[in-house]
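S.K.: Sequence:
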Amino acid sequence: MPDFARDAERPGATKVALRNRLLALRRSKTPEDLTLAASLVQSALAAHVRRSSPSVIAAYVPMGSEPGGPELPEVIRLAARTTALLLLPVLLPDRDLDWAGYEGPSSLRPGARGLMEPAGPRLGTAAIARADLVVVPALAVDRYGVRMGRGGGSYDRALARVPVTAFTVALLHDGELLDAVPAEPHDRRVRAAITPAQGLNDALDWTK
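Just so we're aligned: 154 in my numbering is position 104 of the sequence shown, and the numbers increase by one with no gaps anywhere.
Be a bit skeptical, because a hint or two may be false.
[Claimed, not checked] Between beta-carbon pairs, the in silico distance windows are: (1) D224 x M113: 28 to 36 Å; (2) R131 x G170: 16 to 24 Å; (3) P155 x P81: 17 to 25 Å; (4) P155 x L73: 38 to 46 Å; (5) S157 x G62: 16 to 24 Å.
For the record, the hints were derived by calculation from the structure and aren't laboratory data. Virtual Cβ for every residue (Gly too), placed ideally from N, Cα, C.
My request is simple: use the sequences and hints to build the entire structure.
M.R.: Structure follows, in C-alpha coordinates:
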(Lines of atoms letter the chains of each structure in order from A and count residues from 1; the text may use other names and numbers.)
(Lines give C-alpha, C1' and ligand atoms only; values in the text may rest on other atoms or scores of the structure.)
Protein backbone atom coordinates (compact mmCIF):
# COMPACT_ATOMS: atom_id res chain seq x y z
CA MET A 1 0.00 0.00 0.00
CA PRO A 2 1.40 3.48 -0.86
CA ASP A 3 2.56 5.57 2.09
CA PHE A 4 -0.03 8.30 1.40
CA ALA A 5 -2.83 5.72 1.67
CA ARG A 6 -1.52 4.52 5.01
CA ASP A 7 -1.35 8.15 6.19
CA ALA A 8 -4.98 8.69 5.18
CA GLU A 9 -6.11 5.69 7.20
CA ARG A 10 -4.13 6.62 10.32
CA PRO A 11 -6.52 9.23 11.85
CA GLY A 12 -9.49 6.90 11.41
CA ALA A 13 -7.71 3.93 12.97
CA THR A 14 -6.47 6.06 15.87
CA LYS A 15 -9.97 7.40 16.42
CA VAL A 16 -11.48 3.89 16.50
CA ALA A 17 -8.95 2.78 19.09
CA LEU A 18 -9.60 5.85 21.25
CA ARG A 19 -13.36 5.45 20.90
CA ASN A 20 -13.20 1.81 22.00
CA ARG A 21 -11.05 2.71 25.02
CA LEU A 22 -13.40 5.48 26.13
CA LEU A 23 -16.48 3.29 25.68
CA ALA A 24 -14.87 0.60 27.83
CA LEU A 25 -14.15 3.16 30.55
CA ARG A 26 -17.77 4.30 30.47
CA ARG A 27 -18.99 0.73 30.78
CA SER A 28 -16.82 0.31 33.88
CA LYS A 29 -18.55 3.12 35.78
CA THR A 30 -20.81 2.14 38.68
CA PRO A 31 -24.38 3.40 39.07
CA GLU A 32 -23.11 5.61 41.89
CA ASP A 33 -20.44 7.09 39.60
CA LEU A 34 -23.04 7.85 36.95
CA THR A 35 -25.51 9.40 39.40
CA LEU A 36 -22.90 11.73 40.84
CA ALA A 37 -21.57 12.70 37.41
CA ALA A 38 -25.09 13.38 36.15
CA SER A 39 -25.83 15.66 39.09
CA LEU A 40 -22.67 17.71 38.61
CA VAL A 41 -23.09 18.01 34.84
CA GLN A 42 -26.75 18.98 35.21
CA SER A 43 -25.86 21.64 37.75
CA ALA A 44 -23.19 23.22 35.54
CA LEU A 45 -25.42 23.20 32.46
CA ALA A 46 -28.43 24.59 34.36
CA ALA A 47 -26.28 27.43 35.69
CA HIS A 48 -25.20 28.31 32.14
CA VAL A 49 -28.81 28.24 30.92
CA ARG A 50 -29.87 30.60 33.71
CA ARG A 51 -26.99 32.99 32.94
CA SER A 52 -27.36 33.04 29.16
CA SER A 53 -31.18 32.88 28.87
CA PRO A 54 -31.26 31.24 25.41
CA SER A 55 -34.52 31.45 23.51
CA VAL A 56 -34.09 28.17 21.60
CA ILE A 57 -32.13 25.22 22.99
CA ALA A 58 -31.28 21.98 21.21
CA ALA A 59 -30.39 19.10 23.53
CA TYR A 60 -30.96 15.34 23.83
CA VAL A 61 -31.90 12.58 26.29
CA PRO A 62 -28.70 10.88 27.53
CA MET A 63 -28.88 7.11 27.58
CA GLY A 64 -26.87 4.42 29.35
CA SER A 65 -23.57 5.77 30.65
CA GLU A 66 -23.78 9.09 28.81
CA PRO A 67 -23.17 12.09 31.09
CA GLY A 68 -26.16 14.13 32.14
CA GLY A 69 -28.69 11.40 32.96
CA PRO A 70 -32.12 10.80 31.43
CA GLU A 71 -33.58 13.74 33.39
CA LEU A 72 -31.44 16.23 31.47
CA PRO A 73 -34.21 17.74 29.29
CA GLU A 74 -36.37 18.44 32.33
CA VAL A 75 -33.40 20.01 34.15
CA ILE A 76 -32.84 22.29 31.14
CA ARG A 77 -36.54 23.14 30.86
CA LEU A 78 -36.75 24.15 34.52
CA ALA A 79 -33.52 26.15 34.34
CA ALA A 80 -34.92 28.05 31.35
CA ARG A 81 -38.08 28.71 33.42
CA THR A 82 -40.07 27.06 30.60
CA THR A 83 -39.78 30.22 28.46
CA ALA A 84 -37.32 28.74 25.95
CA LEU A 85 -38.20 26.34 23.15
CA LEU A 86 -36.36 23.08 23.87
CA LEU A 87 -35.75 20.88 20.84
CA LEU A 88 -34.85 17.20 21.07
CA PRO A 89 -33.68 14.97 18.22
CA VAL A 90 -35.58 12.30 16.34
CA LEU A 91 -33.25 9.84 14.62
CA LEU A 92 -34.10 9.31 10.96
CA PRO A 93 -33.45 6.09 8.99
CA ASP A 94 -30.41 7.69 7.30
CA ARG A 95 -29.04 8.68 10.75
CA ASP A 96 -29.74 12.36 10.20
CA LEU A 97 -31.59 14.20 12.99
CA ASP A 98 -35.06 15.68 12.80
CA TRP A 99 -36.23 17.81 15.76
CA ALA A 100 -39.39 18.21 17.85
CA GLY A 101 -40.31 20.24 20.92
CA TYR A 102 -39.98 18.87 24.45
CA GLU A 103 -43.01 19.46 26.65
CA GLY A 104 -42.16 17.44 29.74
CA PRO A 105 -41.32 13.81 30.57
CA SER A 106 -44.71 12.57 29.38
CA SER A 107 -43.96 13.91 25.88
CA LEU A 108 -41.16 11.35 25.37
CA ARG A 109 -41.50 7.96 23.71
CA PRO A 110 -39.08 5.17 22.73
CA GLY A 111 -37.49 5.77 19.36
CA ALA A 112 -34.92 4.20 17.07
CA ARG A 113 -31.86 2.49 18.58
CA GLY A 114 -33.23 2.73 22.10
CA LEU A 115 -33.30 6.54 22.13
CA MET A 116 -36.04 8.53 23.83
CA GLU A 117 -37.55 11.09 21.50
CA PRO A 118 -40.29 13.74 21.63
CA ALA A 119 -43.70 12.67 20.35
CA GLY A 120 -44.75 16.08 19.04
CA PRO A 121 -44.77 17.38 15.47
CA ARG A 122 -41.47 17.10 13.65
CA LEU A 123 -39.95 20.43 12.72
CA GLY A 124 -37.39 19.28 10.14
CA THR A 125 -33.65 18.77 10.11
CA ALA A 126 -33.04 22.51 9.72
CA ALA A 127 -34.83 23.37 12.99
CA ILE A 128 -31.52 23.18 14.88
CA ALA A 129 -30.39 26.29 12.99
CA ARG A 130 -32.74 28.28 15.22
CA ALA A 131 -30.91 27.30 18.42
CA ASP A 132 -28.65 29.70 20.27
CA LEU A 133 -27.59 26.94 22.69
CA VAL A 134 -26.80 23.46 21.37
CA VAL A 135 -26.02 20.65 23.83
CA VAL A 136 -24.45 17.61 22.17
CA PRO A 137 -23.24 14.17 23.27
CA ALA A 138 -19.58 13.26 22.85
CA LEU A 139 -17.07 10.64 23.88
CA ALA A 140 -14.24 13.16 23.92
CA VAL A 141 -13.38 16.77 23.11
CA ASP A 142 -9.93 18.29 22.84
CA ARG A 143 -8.57 21.72 23.69
CA TYR A 144 -9.29 22.90 20.14
CA GLY A 145 -12.97 21.92 20.33
CA VAL A 146 -12.58 18.82 18.15
CA ARG A 147 -15.41 16.49 19.13
CA MET A 148 -15.48 12.72 18.83
CA GLY A 149 -18.85 10.95 18.83
CA ARG A 150 -19.84 7.32 18.48
CA GLY A 151 -19.14 7.21 14.76
CA GLY A 152 -22.63 7.48 13.27
CA GLY A 153 -22.14 11.01 11.98
CA SER A 154 -25.55 12.26 13.13
CA TYR A 155 -24.25 15.20 15.10
CA ASP A 156 -21.62 16.19 12.56
CA ARG A 157 -24.48 16.63 10.09
CA ALA A 158 -26.61 18.49 12.63
CA LEU A 159 -23.78 20.78 13.75
CA ALA A 160 -23.11 21.71 10.13
CA ARG A 161 -26.51 23.48 10.21
CA VAL A 162 -25.79 25.44 13.40
CA PRO A 163 -24.88 29.12 12.95
CA VAL A 164 -21.46 30.23 14.16
CA THR A 165 -23.14 32.48 16.72
CA ALA A 166 -24.64 29.50 18.58
CA PHE A 167 -23.00 28.26 21.78
CA THR A 168 -22.25 24.56 21.30
CA VAL A 169 -21.34 22.50 24.36
CA ALA A 170 -20.53 18.80 24.76
CA LEU A 171 -21.19 16.83 27.95
CA LEU A 172 -18.34 14.60 29.12
CA HIS A 173 -17.16 12.45 31.98
CA ASP A 174 -13.95 13.36 33.78
CA GLY A 175 -10.94 12.24 31.75
CA GLU A 176 -12.68 12.82 28.39
CA LEU A 177 -11.49 16.41 27.86
CA LEU A 178 -8.22 15.58 26.13
CA ASP A 179 -5.17 17.39 24.78
CA ALA A 180 -5.85 16.08 21.27
CA VAL A 181 -8.55 14.11 19.46
CA PRO A 182 -7.89 12.64 15.98
CA ALA A 183 -9.72 14.85 13.49
CA GLU A 184 -11.15 14.08 10.07
CA PRO A 185 -12.51 16.59 7.51
CA HIS A 186 -16.17 15.95 8.40
CA ASP A 187 -15.70 16.51 12.15
CA ARG A 188 -17.45 19.56 13.62
CA ARG A 189 -16.03 21.39 16.58
CA VAL A 190 -17.79 22.64 19.71
CA ARG A 191 -17.16 25.82 21.67
CA ALA A 192 -17.26 24.34 25.17
CA ALA A 193 -17.38 21.19 27.25
CA ILE A 194 -18.81 20.32 30.65
CA THR A 195 -17.22 17.72 32.92
CA PRO A 196 -18.29 16.77 36.46
CA ALA A 197 -15.10 17.99 38.14
CA GLN A 198 -14.35 21.09 36.06
CA GLY A 199 -17.84 22.25 35.20
CA LEU A 200 -18.11 24.45 32.12
CA ASN A 201 -14.90 24.90 30.11
CA ASP A 202 -15.52 27.54 27.45
CA ALA A 203 -11.84 28.34 26.80
CA LEU A 204 -11.40 25.93 23.88
CA ASP A 205 -9.11 27.28 21.18
CA TRP A 206 -10.75 27.63 17.76
CA THR A 207 -7.69 29.29 16.19
CA LYS A 208 -6.09 25.96 15.18
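S.K.: Which numbered conditions among the earlier hints are violated in the structure presented, ordered from lowest to highest?
M.R.: 1, 4 and 5
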